[in-house]
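Here's the letter readout for the chains.
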Amino acid sequence: EAGVTQSPTHLIKTRGQQATLRCSPISGHTSVYWYQQALGLGLQFLLWYDEGEERNRGNFPPRFSGRQFPNYSSELNVNALELEDSALYLCASSLRDYLTDTQYFGPGTRLTVL
Amino acid sequence: AQRVTQPEKLLSVFKGAPVELKCNYSYSGSPELFWYVQYSRQRLQLLLRHISRESIKGFTADLNKGETSFHLKKPFAQEEDSAMYYCALGGGGADGLTFGKGTHLIIQP
Numbered sequence: 002e003a004g005v006t007q008s009p010t011h012l013i014k015t016r017g018q019q020a021t022l023r024c025s026p027i028s029g030h031t032s033v034y035w036y037q038q039a040l041g042l043g044l045q046f047l048l049w050y051d052e053g054e055e056r057n058r059g060n061f062p063p064r065f066s067g068r069q070f071p072n073y074s075s076e077l078n079v080n081a082l083e084l085e086d087s088a089l090y091l092c093a094s095s096l097r098d099y100l101t102d103t104q105y106f107g108p109g110t111r112l113t114v115l
Numbered sequence: 230a231q232r233v234t235q236p237e238k239l240l241s242v243f244k245g246a247p248v249e250l251k252c253n254y255s256y257s258g259s260p261e262l263f264w265y266v267q268y269s270r271q272r273l274q275l276l277l278r279h280i281s282r283e284s285i286k287g288f289t290a291d292l293n294k295g296e297t298s299f300h301l302k303k304p305f306a307q308e309e310d311s312a313m314y315y316c317a318l319g320g321g322g323a324d325g326l327t328f329g330k331g332t333h334l335i336i337q338p
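These protein sequence lines are chains A and B, in that order. The first sequence maps to residues 2 to 115 in our numbering. The second sequence maps to residues 230 to 338 in our numbering.
Quick caveat, the hints were computed from the structure, so don't treat them as lab data. Watch out, some of these pointers could steer you wrong.
As the list claims (entries may be wrong) - Under 7 Å between C-beta atoms, here's a sample of chain A residues computed to sit facing chain B:
1. His30
2. Leu44
3. Phe61
4. Phe106
5. Pro108
Said to hold, decoys possible - Now the in silico label distances, taken between C-beta atoms and shown as ranges:
6. Gly4(A) with Arg282(B): 36 to 44 Å
7. Gln18(A) with Glu249(B): 31 to 39 Å
8. Gln19(A) with His279(B): 24 to 32 Å
Virtual Cβ for every residue (Gly too), placed ideally from N, Cα, C.
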C-alpha cells in the first residue's frame, strides 16, 4: 500500500511570493494534517482537514491556508512568504477510528524562501 | 496547554547497553502518546503508541500518568537504532499532535 506522498520535494521562492504544497493521503484515510518543521523550533502543528473541512489550526497567521479535495488530497498555501517560512513541511494522514488517531507521515516538502 | 518535553537533545550509548529516552508531557485530558522515529534520510515513522502496549524492534514504553511520563526503553541497544526519536502527544485529533524537540540517539560500536 502506498504511503503518504507529497510534492514537490523542494521548492524555492522569494520573499512575498506564494507557495503551494500538495499532499496525497493513504488510501482510505480522510484526515490530513500539516506540520512545519523549522530549524530550532521542532515540529509544529499547522492545520487539520477532515472530510473536506478545516477542523483546526495551530498558532500560525492566516496567510497559511489550505484545502482538502473530494478525493481527500490536500494542498497547503502560504501567501506573502517571509524568510522565516523556510522549513520542512510535513503532511500526515489518519484514519479516524474510535480507538486512536495514529498519523502517518509523508516525506515532506523543503521550502526555501530567499 | 499541551506540552511535551524531551530533556536530552543527544544521547550516546554503546551497543548492547540499555537505552532510555525520556519523555514528559503536560495535558489536562486523557492523553494519547506516541513515539516516532526518523532514520537517516527516511520519513518520520510510527514506532509505538501507548494504546496498543506493543513492543516494536525491542522498544517498549509505559504511560505513567502519575509522573506524566512516557519513556522509551530498550534493554540492549543495536547500531541500527541510531536515529532521531520524537515523543508526541495527541488529544483526539483536535489540535494535531504536539511533538517534543526530539532526541538524537547514537549507538556506538
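Structure-based check of all given hints:
Checking histidine 30(A) against chain B by beta carbon gives a least distance of about 12 Å; that is not within 7 Å, so the hint is violated. With a least beta-carbon distance of about 4 Å to chain B, the hint placing leucine 44(A) at the interface is held under the 7 Å criterion. Among the interface hints, the one on phenylalanine 61(A) is violated; its C-beta lies about 11 Å from the nearest C-beta in chain B, farther than the 7 Å criterion. With a least beta-carbon distance of about 4 Å to chain B, the hint placing phenylalanine 106(A) at the interface is held under the 7 Å criterion.
At a threshold of 7 Å, the smallest CB-CB gap from proline 108(A) to chain B is about 5 Å, leaving the interface hint in force. Distance hint for glycine 4(A) and arginine 282(B): a CB-CB separation of about 25 Å, inconsistent with the stated range 36 to 44 Å. Restraint check, glutamine 18(A) to glutamate 249(B): a C-beta distance of roughly 46 Å breaks the suggested window 31 to 39 Å. Distance hint check: the CB atoms of glutamine 19(A) and histidine 279(B) are about 40 Å apart, inconsistent with the given range 24 to 32 Å.
Hint compliance for this structure: hints 1, 3, 6, 7 and 8 are broken, all remaining hints hold.
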